[in-house]
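**Q** Residues per chain, in single letters:
There are 4 protein chains.
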Amino acid sequence: MPIDLTYSSDVTDLIERTRTFVRDVVLPIEDAHGGDISAAGGDTLRTELQSAAKDAGVFAPHAPIEYGGLGLNMSDRAPVFEEAGYSLFGPVALNIAAPDEGNVHMLAHIASAEQKQQYLAPLAHGDVRSAFAMTEPAPGAGSDPTALTTRATKSDGGWLIDGQKHFITGADGAGFFIIMARTSGEPGQRGGATMFLAPADSDGLHVGRHIGTLDKAMIGGHCEVRFDKLFVPDSAVLGEPDRGFEYAQVRLGPARMTHVMRWLGAARRGHDIAVAHVARREGFGSKLGDLGMIQKMVADNEIDIAASRALLVRACWELDRGDPASNSTSIAKTYAAEAIFRIVDRSIQMCGGLGVSDDLPLARLSREVRPFRVYDGPSEVHRWAIAKRVVGAAKRAAKESE
Amino acid sequence: MPIDLTYSSDVTDLIERTRTFVRDVVLPIEDAHGGDISAAGGDTLRTELQSAAKDAGVFAPHAPIEYGGLGLNMSDRAPVFEEAGYSLFGPVALNIAAPDEGNVHMLAHIASAEQKQQYLAPLAHGDVRSAFAMTEPAPGAGSDPTALTTRATKSDGGWLIDGQKHFITGADGAGFFIIMARTSGEPGQRGGATMFLAPADSDGLHVGRHIGTLDKAMIGGHCEVRFDKLFVPDSAVLGEPDRGFEYAQVRLGPARMTHVMRWLGAARRGHDIAVAHVARREGFGSKLGDLGMIQKMVADNEIDIAASRALLVRACWELDRGDPASNSTSIAKTYAAEAIFRIVDRSIQMCGGLGVSDDLPLARLSREVRPFRVYDGPSEVHRWAIAKRVVGAAKRAAKESE
Amino acid sequence: MPIDLTYSSDVTDLIERTRTFVRDVVLPIEDAHGGDISAAGGDTLRTELQSAAKDAGVFAPHAPIEYGGLGLNMSDRAPVFEEAGYSLFGPVALNIAAPDEGNVHMLAHIASAEQKQQYLAPLAHGDVRSAFAMTEPAPGAGSDPTALTTRATKSDGGWLIDGQKHFITGADGAGFFIIMARTSGEPGQRGGATMFLAPADSDGLHVGRHIGTLDKAMIGGHCEVRFDKLFVPDSAVLGEPDRGFEYAQVRLGPARMTHVMRWLGAARRGHDIAVAHVARREGFGSKLGDLGMIQKMVADNEIDIAASRALLVRACWELDRGDPASNSTSIAKTYAAEAIFRIVDRSIQMCGGLGVSDDLPLARLSREVRPFRVYDGPSEVHRWAIAKRVVGAAKRAAKESE
Amino acid sequence: MPIDLTYSSDVTDLIERTRTFVRDVVLPIEDAHGGDISAAGGDTLRTELQSAAKDAGVFAPHAPIEYGGLGLNMSDRAPVFEEAGYSLFGPVALNIAAPDEGNVHMLAHIASAEQKQQYLAPLAHGDVRSAFAMTEPAPGAGSDPTALTTRATKSDGGWLIDGQKHFITGADGAGFFIIMARTSGEPGQRGGATMFLAPADSDGLHVGRHIGTLDKAMIGGHCEVRFDKLFVPDSAVLGEPDRGFEYAQVRLGPARMTHVMRWLGAARRGHDIAVAHVARREGFGSKLGDLGMIQKMVADNEIDIAASRALLVRACWELDRGDPASNSTSIAKTYAAEAIFRIVDRSIQMCGGLGVSDDLPLARLSREVRPFRVYDGPSEVHRWAIAKRVVGAAKRAAKESE
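Chains as they are written, first to last, in our numbering: chain A, 487 to 888; chain B, 487 to 888; chain C, 487 to 888; chain D, 487 to 888.
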């Protein structure tokens, strides 16, 4: 039973169908609206695209089969999500966009039967969207989640939540929220967080302004959200109290990887456009694509794509095996977020003036992918975490050998 | 008479006044309109800002004194233009934005007395804007200017110009055009280009659509322009026929450097914002600015700023001396365009989520500076030119020593 | 049958035994002689180490079982060879050093039964070493193999070979040579090369001086070799005449990958030393390994190691499947050769003055790994090959869609 | 009195004579001995070369005129030292090698008249060499000089010094030592260091083994040195007690810059060799130097050379003006040390197999220049210092505006 990198024929088939669906159905709509999903129709467009995806048999590849999904594990998601990401609107069409996709994943692992019925089922079917409310304005939870300041205090039959969040993706129009709030301890301490579920129309849950960002393809924006004596019943606790940071890990590792998959698809589109450009365009006495400096950029893109994929294969396999937390998702996320940015940046450079113009989608791709070096943990935080583990092990080894 | 890097007290004074003017008067307007100059008022805003700049004694520092300017040489322009560039609207306010600034420079060197009266005077005073029509859609003049296809054919008492241009900065609203057209030879040949002057309202001169680009701070946009039997009299020839490529060099070297000056100012603003952020914000148990990975980014920005400035000093000094074309402007442009991009990119990264949002100006600065690695010659073309000169000299040396 | 990255228990076992053998037996000898294999005993040392490796059951993991090897495929070689490479002398001990390892691989694929008996058997058993004589001084075969100038002309019952080679690894002391010579066509043409086998003591085969290089761990050096009317019988043709370039591909892809495996082991040793150093050493008020700039280097090393391995897994799997030539070995080689260099370079930097001294093995590791960015095809040639394939495909696609 | 980058005719003349002397007289000797100065004759060679330099009128350009030098300021040293550095033995020939050159500089600033007579005069004339004993083995003074542990305790009429130093450049064969020892405070505290002068033959001063390092061109090696109740009289105190760290700054800023000058010369030699190679050598159907990926390396070298020089000009000018400590020497050192390494590394890559061989001097140049990223403060320490100053200023500004 040697090392095997072959996908099953079912998956191969799904990859192919996803590719066709995304390029034929989704991409033209993205391009017609310059990648701005609000301008393209927002949730109305989402509903139409998801209906088409269902017809094409490519809808919800990640969701459990009992909730209408295709039940793919992480390894098999990689090539399918990459095909979906080839269009910025592809993930929405397949119901695998952030944050819904990660929320489906987490609810499938942690939610009670009743919670699954109330929240997971409609989310997996695309009937509602969701939001994951963790990040807070300074000095609250950000790159350092232990700074969490939003509080949930015990009340009769439930909890009262107070606090301020921002950069909550998809908040505007979400059907429900998963809320991270502190139930014990103080900001700066590692434990004491709890996750709660709350319908969007709950009293005391206020969605504020959209924070404008470089990226425009996330449905529902990146919003400010305020909780003002938001009451949630005891049954709204996801899993158990005080284990919120632990559950967040269940979500974060895989969510990091699916982000990579999707944006790698976007980067590949950029690369394909640039390669097609330099293969056609003449300059300095030959095709641009025959000039050494262009060839270097083409090759570096190929290397970055191959390395991102290869690291993804490794990290997904470890996640599927249920490996105890290793560095593999941090490594894959950090490398790929930077590689994806480089790929799109080189693609722009290969296309010159056209590259920075709206006549090609490259300029908007560059806007979309830049934030990924910050979202889901800035590169610096991942590098810090990677090094901490490695240096920590070396310290222990030094101590033992004393 | 040793090496001296001191600016005269007049220049030091002007730097200081420019700094104050730009930060107090111009920057608030830029920030209020998210750096979109059309949204901020376009030419109406320009007129107001230029009037204020005149009052502040900082208007047209580059223009000849006889045309109302301050007559600075290239070396002295560097720190003044950098201060102007601290706001994206600063160059417009001082009348030193591209392409007008470069056009003033070239007209002062090449235009006849009559042409100076008709074109240079109102341009230097800010009464009109101008455009420089060289770049063409493929397969015409682009990175490789010898591909020039626009034709001027001799006609009675003048010339008839036919051709298509694009990415013509400032074309919409310009008072006149400097047009590069082929008067002899074929596309691909090095000679045979001529520069012509034409009022914007000439018959046969058509300004088409704005090409949307990442940058939004150039007044008059980047436009398509078509010449359709555009008649210009013999007196409209700038300098002599067939010497257009040669004159373009007069413009390009200095224009490249003033671009660096302005965008270096913008990059410095990004850096200042990021440094202020990490000096205030806490995380991981200290100020962000005390963490090693952040310190690395701060230091790399400082290095990039210092190196860009130092290369600029060298190149400007060579231009002021009238040195025969060396590699110094290509070196300074290539290094600085890439450094400026890195500076803004690191500044974003230091500010995390805020960095990619519209709540800080960093995201828009990143959009503005990216195209500079393409505009005024892509890095690849400059590297090719630098290497060609160096390797060519080595080939000749090898031949001589045979 | 999903994606699987698990090694069989046999291989896991072999990895472990190799690790133990190399660290306990081989590494102390390397360190005692500063990594200079000639100084450490050359072939005498080799014989001793190989005997110990046989006792430890880790000898010749790559060789066919019928020739005393362990018969590993490429995928399984990767982790074993990496463990071997942890010491610079490890590959010699296991009989998997270049060029012997690649020669075993090629002879197993192409040699006749008789040739296998005469050449492959003793080579696989470690009774002799071998050399692969392809590279020539300018203007002959180098990065561009088609420039091949060494000639083999038909003679009665065999061939007469004349030509000059250089950088022939292991030539001094080799038992036999595999010689690439032109049997038809002219330098610059793609076909016409033939491979010949010749015992080292043949008349007309002259091994000249060792060319001093940065690396010192290759037994038998990098030598100049001259063929002066060297007669070889018809039976000395490896495979068929005029198919030499094709056979070279059989050797080059896998040989490239085993180079990566071995040098990745060396890089990992460098990294381990540096991590142990920064985990122990104090400075600026904490352990060095807790400082952000050091953490960045540690993390970047981890990323480079992980990406090199992941690309290797992919390329080896493709080679094992017999995939038609793809870009995967060029991608893995290019990335890994540069990554390995960076890893060792960062490891030096983390150790400061000690890092550049002979008190740690890092300085010598840096000398050893630098040439790999040139050997087995410079990065530039691989990038050119990668881009050529990708741009070529795009050109064909463009033509088809016309 | 505008900005001026012109050297006086005296300096221009000296540059030219230095160039001729170094290339005609010094370089052939370096090349004949593979850059190993001990193998080439050590101090015997030094005496011969210095005598020749005196005859050529290029000796001791930095030393005060009253001590037989040419009295150049820092700005004028830059181009002269760069010419000297074109050969690894050039600085020794001109008596401007580390550490003597920096010691001359410091003694000229701080020593008493008597000390100048006893130590500076013979050093400036090349009659003796010197050493600067600051660095200590862990946990003593290294990148963090405040960790200083060597102690000087007051004794009758003088001081008794005890401690251990290492990496003391030039110690073997030095005529005298400048010793940094702690006279008050504890390791980790910023003050309390004093500099002492001691003849090499003092009782209690022991020069130990040479620490082998990548570089081989420093005469007298990098040695271990031990002080064992070394008595020095009160007159041996350099400047005043407890001001040693302050005086070290007088030495370190300029010494950093002269290192850059010398190694930039070495890097330029590497570049010149590579350019000559690619201008001659054919491959892939053209001269190597006409291939885009090679052109990129040539251009990047030119950019790195130009930027290093430009930063040097700035930093030297500030030093000559006596500017209060700014970041300019740290910036120039950090950029140039990394740039010099890249230049030599690319030069190797351009020459392929020859590049890593001893048939060209590139491989040894790469060994020589690597340690400069560590010596005189690792890049990480300089970046930390740069950032600390910038972030510190921002913190103060934030506090003031509160």
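What the hints contain is simulated information worked out from the structure, not anything from laboratory work. Here the structure is a predicted model, which means the values were calculated and not measured. A portion of the hints provided could be inaccurate.
Copies of one chain are not kept apart here, so a pair can be met inside one copy or by any two copies together.
Once the Cα atoms are required to be at most 20 Å apart in a straight line, the calculated DMTMM-like pairs of lysine to aspartate or glutamate come out as [said to hold, decoys possible]:
hint: 1; residue 1: K885; residue 2: E768
hint: 2; residue 1: K773; residue 2: D642
hint: 3; residue 1: K874; residue 2: D758
hint: 4; residue 1: K773; residue 2: D689
hint: 5; residue 1: K640; residue 2: D522
hint: 6; residue 1: K702; residue 2: D522
hint: 7; residue 1: K540; residue 2: D529
hint: 8; residue 1: K702; residue 2: D844
hint: 9; residue 1: K874; residue 2: D776
hint: 10; residue 1: K881; residue 2: D776
hint: 11; residue 1: K702; residue 2: D845
hint: 12; residue 1: K773; residue 2: D630
hint: 13; residue 1: K874; residue 2: D786
hint: 14; residue 1: K881; residue 2: E768
hint: 15; residue 1: K640; residue 2: E710
hint: 16; residue 1: K874; residue 2: E534
hint: 17; residue 1: K540; residue 2: D510
hint: 18; residue 1: K540; residue 2: E600
hint: 19; residue 1: K540; residue 2: D844
hint: 20; residue 1: K602; residue 2: D642
hint: 21; residue 1: K881; residue 2: D786
hint: 22; residue 1: K773; residue 2: E888
hint: 23; residue 1: K773; residue 2: E886
hint: 24; residue 1: K885; residue 2: D758
hint: 25; residue 1: K540; residue 2: E732
hint: 26; residue 1: K885; residue 2: D809
**Q** Taking each numbered hint in turn, which are not upheld by the structure, reported in ascending numerical order?
**A** As far as the earlier hints go, 2, 4, 5, 15, 16, 18, 19, 20, 25, 26 are violated by this structure, in ascending order.
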